[in-house]
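Enquirer: Spelled out, the chains give:
Number of protein chains: 2
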Amino acid sequence: MKNPPALEQLIDSLRCLPGVGPKSAQRMAYYLLQRDRQGASGLALSLNNALQVVDHCKLCNTFSEQAICPLCESAQRDKTVLCVVEMPTDLIMLENTRAYTGMYFVLMGRLSPLDGIGPKEIHLDKLIKRANDGIVTEVILATNYTVEGDATAHYISELLRARGIKVSRIARGMPMGGEIEYVDTGTLAQAMLERRSVFK
Amino acid sequence: MKNPPALEQLIDSLRCLPGVGPKSAQRMAYYLLQRDRQGASGLALSLNNALQVVDHCKLCNTFSEQAICPLCESAQRDKTVLCVVEMPTDLIMLENTRAYTGMYFVLMGRLSPLDGIGPKEIHLDKLIKRANDGIVTEVILATNYTVEGDATAHYISELLRARGIKVSRIARGMPMGGEIEYVDTGTLAQAMLERRSVFK
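Going down the list, the sequences are from chains Y and Z. Each residue of the first sequence is one higher than the last, beginning at 0 in numbering that gives the first Met the number 0. Each residue of the second sequence is one higher than the last, beginning at 0 in numbering that gives the first Met the number 0.
Extracted from the complex, chain Y is given alone in its bound form:
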């Protein structure tokens, strides 16, 4: 005894979503068919539309509906600095600070050999070509301060150093509004090590 074929097919298809196993897929399928048929047909439409129009920007590799994304095409940006981030969300976060006016490169991931993500999967050849365009003078590594993000930054910095490109990494230290009593010891130790002179 099983569900009807079209329903089994839907349950199976829902499993392509990350973190969705057989039980949740079945729950989702039941829910959609029973309570949100409109949402389901909207989802099908959005999937097809996104697959058709969303691709990667040829320059910065982020998701874009144009071959070159609006940010890369903008004449207002400083073309001499290139900031490397892991995901489009990181780019959006940095843009929201309004503290950076240069260009970006989005890795779409981080080095993670256990998950089968190596230099090829995070488009390092494309990054090297981009950094070597003769205009870029500094590459800022803004990958996460996790073990994997750190390893990725280290790997990229070695590649770029071999090509004589100036490389920097975003600073670590106390968060704004942070109290010493509540910050974790790793961050505090780093803030101590990387202390800066108050008078120049």
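FYI, nobody ran anything at the bench for these hints, they're computed from the structure. Treat the hints with caution; some may be incorrect.
Identical copies look the same in the list; a pair holds intra-copy or inter-copy alike.
[Said to hold, decoys possible] Keeping only pairs whose Cα atoms sit at most 27 angstroms apart, straight-line, the calculated DSS-like set for lysine-lysine is:
id, residue 1, residue 2
1, K1, K78
2, K1, K57
3, K78, K119
4, K165, K22
5, K125, K1
6, K128, K22
7, K57, K128
We have chain Y; now place chain Z onto it with these hints.
Expert: Okay, now just chain Z, sitting in the frame of chain Y:
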């Protein structure tokens, strides 16, 4: 600064799935567009197909591709008993036991006023009509032994008793292979209360 419109639209559409908030929806959308475009287009296809061909069986209310599902149409089934379950999964589980040969009615939920699920949402009018067809002589309530499943069974039994229909509830007690030492006290207390005579 935001994602491209088609991507934002996809993230928004993914939120129709139960238990998916803005962060997971974004993660899912990124994953599909970056690593599983084939899965995404398969999902769109399955959604459209299921929406088109899957509806509820007119008799038992379960998901079916026919107006009357194969189980309700079968000549081999005992038409005099009607087993009421919450979800199609429960029906499948019961069928897999091969211990029951009667008919079913699937509520597609349980009474849960806090979630806005009342008698209408679980199709009780359809159930009453079905149980009153003149052929059914016993209704077996096989809703879950949770607070809500129990309340649902109680509510249905009152409705049916008013119409003079025989109603029973699946038994509670020790699970097969269960050891008294490890079973929960509620189950054990119930097994003691509902003990049966060994000699008839």
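Enquirer: None of the hints should be skipped; say for each whether it holds.
Expert: Okay, the hints, checked on the actual structure:
1. For a Cα distance limit of 27 angstroms, the shortest separation of K1 from K78 across copies, 21 angstroms, qualifies, whereas the shortest one inside one copy, 59 angstroms, does not.
2. Taking the shortest Cα distances, K1 and K57 sit within 27 angstroms of each other only across copies (18 angstroms), while inside one copy they are farther apart (46 angstroms).
3. Proximity of K78 and K119 under a CA criterion of 27 angstroms is satisfied intra-copy only: 25 angstroms inside one chain copy versus 63 angstroms between copies.
4. Taking identical chains as interchangeable, the C-alpha atoms of K165 and K22 are never at most 27 angstroms apart, the minima being 50 angstroms within one chain and 35 angstroms between chains.
5. In this assembly of identical chains, the alpha carbons of K125 and K1 lie at most 27 angstroms apart only when taken from different copies (24 angstroms versus 48 angstroms within one copy).
6. In this assembly of identical chains, K128 and K22 lie within 27 angstroms of each other by CA distance neither inside one copy nor across copies; the values are 45 angstroms within and 32 angstroms between.
7. Taking the closest pair of Cα atoms, K57 and K128 come within 27 angstroms of each other only inside a single copy of the chain (12 angstroms); across copies the shortest separation is 63 angstroms, beyond that limit.
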